[in-house]
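Student: Each chain is listed here by its residues.
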Amino acid sequence: MPMHDRVLPFPTTTGPATVPAVHALACRGLNYGAGGKALIDGVDLEFCRDGITAIIGFNGAGKSLLLRLLHGLIEPAGGAVTWSGRPIDAGIRARQAMVFQKPVLLRRSVAANIDFALKARGRDRPGRREELLDHVGLSALAGRPARLLSGGEQQRLALARALACAPEVLFLDEATASLDPSSVLAIETIVRSASTGGTKIIMITHDVGQARRLASEIVFLHAGKVVEQADAAAFFANPATPAARAYLDGQIVNGN
Amino acid sequence: MQDFAEAFLFAFRQIAGLDPDLLEIIGLSLRVSLAATLVSCLVGLPIGALVAVSRFPGRAGVIVIMNALMGLPPVVVGLFVYLNLSRAGPLGWMGLLYTPAAMVIAQSILISPIVAALSRQVLEDLFNEYREQFASFALSRLAQVRAILWDGRYSLITVALAAFGRSAAEVGAVIIVGGNIEHLTRVMTTAIALETSKGDLPLAMALGIVLLILALGVNALVSALRLTAARYAYA
Chain L
1 MPMHDRVLPF PTTTGPATVP AVHALACRGL NYGAGGKALI DGVDLEFCRD
51 GITAIIGFNG AGKSLLLRLL HGLIEPAGGA VTWSGRPIDA GIRARQAMVF
101 QKPVLLRRSV AANIDFALKA RGRDRPGRRE ELLDHVGLSA LAGRPARLLS
151 GGEQQRLALA RALACAPEVL FLDEATASLD PSSVLAIETI VRSASTGGTK
201 IIMITHDVGQ ARRLASEIVF LHAGKVVEQA DAAAFFANPA TPAARAYLDG
251 QIVNGN
Chain H
1 MQDFAEAFLF AFRQIAGLDP DLLEIIGLSL RVSLAATLVS CLVGLPIGAL
51 VAVSRFPGRA GVIVIMNALM GLPPVVVGLF VYLNLSRAGP LGWMGLLYTP
101 AAMVIAQSIL ISPIVAALSR QVLEDLFNEY REQFASFALS RLAQVRAILW
151 DGRYSLITVA LAAFGRSAAE VGAVIIVGGN IEHLTRVMTT AIALETSKGD
201 LPLAMALGIV LLILALGVNA LVSALRLTAA RYAYA
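If you read the sequences in order, they're chains L and H.
So in the working numbering, spot 145 of the first sequence is number 145, and the numbers just go up one at a time.
So in the working numbering, spot 51 of the second sequence is number 51, and the numbers just go up one at a time.
By construction, these hints were calculated from the structure, which means they are not laboratory data.
Wrong hints could be hidden among the right ones.
[As the list claims (entries may be wrong)] List time: in silico EDC-like cross-link candidates among lysine to aspartate or glutamate, alpha-carbon distance up to 16 Å:
id, chain 1, residue 1, chain 2, residue 2
1, L, K225, L, D89
2, L, K102, H, E132
3, L, K102, H, E129
[Stated by the list, open to error] Chain L stretches covered by chain H per the calculated footprint, using a threshold of three residues with CB under 8 Å from any CB of chain H:
id, region
4, 31-41
5, 114-122
Just so you know, even glycine gets a beta-carbon here, dropped at the ideal spot from N, CA and C.
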């Protein structure tokens, strides 16, 4: 099946009162390579305006790289990531946030980590830090050094810090990898709540169950190409490509 | 051998008895070295941090120069400061030659590269860990520098202590620009050099012991800081 056969038919605006169904974030002809090898190969993407988009695929498919390109952390070799048609810059990146697989916490207390993000984005107001810590269940640990928290707590703190930025788009790079089920549940609850609150979530996960639970849209990446983009229910009911079928069946396939 | 033992005894008596001359020399040594450490931190830390977070053409060359400057020969620095502060020199009008201020200037020049080079290394390691998160926060360069300076504070105190140790143990530069004048610019190292050349070993040894204790104290402080940082997960 040709690429993008399953791409959702995003409706365009029909009048001034209609909100576009596609998100401001998009990419066109995105390329990135290393060592003479194309790691991201001509990726075109538009995302649903709302909900949670899960990017899935085998190891080495280029998922983390794609997320970093979308967030503007890496310059593409070709093509462009755009926000309402404008190239991504620091100003646009400030409207987004990202949580990494291994949380990068400052060598400060839990509270100071939140304060750092609030001040960086000029969103420091009385009580906001307490709200965020309460939201992720870390109020009791506010004074503790962040790097002494457990893995699950660290990831919840990283999420709270990302939410402190009040992002329009939140990127999650395998945010629940190597966490126990209760920590995964806690993170998923926070992510779902952020999505309900209007934050667009674009996440990478290797957990098909998690993608089923959370995602409204699936992007399946294989060997640096988007081979499928579809409504989550439709994708899981009937994956259109052999690679996606193999992935869902748990077959061992080289993502490169 | 007996002379040696007697010299040791005299040295301990001088220290235990808080000999005023000895205290004066130790006091001036500490004041000069602490002042030089402060100046070198004010100069070296921002430079180290800026190089750590910046990527520019020729950066590798700048780092090589910074590292090479750590090995500045003290007598050459002393000579350079002497030439500038002497009456005929461009800064001669300030009248600083043979004053503690001249010694602070010479030592600051000597240890600022140490602070800059060591802090660059420490902060670059930290920055590499934070880089993507900082980019995600869309932080300005200044905000990045401030953040890594704060988060690297325990390691940077170690850097400052290393600079202080070098400063306190240095003799070549301060003897040239200070002149080792009694009650004015005589510090531990210059006094040791003088007393040894005069054959007055007891005072030289007393000062030497104090210098060794100081070096030991600095190292103990560094170790304690490392342990504290590790305990509170700031390492």
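Student: Give a verdict on every hint.
Tutor: Against the structure, the hints:
For the hint linking K225 (chain L) to D89 (chain L), the alpha-carbon distance of about 24 Å lies beyond 16 Å, and the restraint is violated. Between K102 (chain L) and E132 (chain H) the alpha-carbon distance is near 12 Å, which keeps this suggested pair within the 16 Å criterion. At roughly 11 Å between alpha-carbon atoms, K102 (chain L) and E129 (chain H) fall within 16 Å of each other, so this suggested pair holds. Using a Cβ-Cβ cut-off of 8 Å, 0 residues of the region 31-41 of chain L lie near chain H, which falls short of the minimum of three, so the contact claim is violated.
Counting residues of the region 114-122 of chain L whose CB lies closer than 8 Å to any CB of chain H gives 4, so the stated coverage by that chain holds, three being the minimum.
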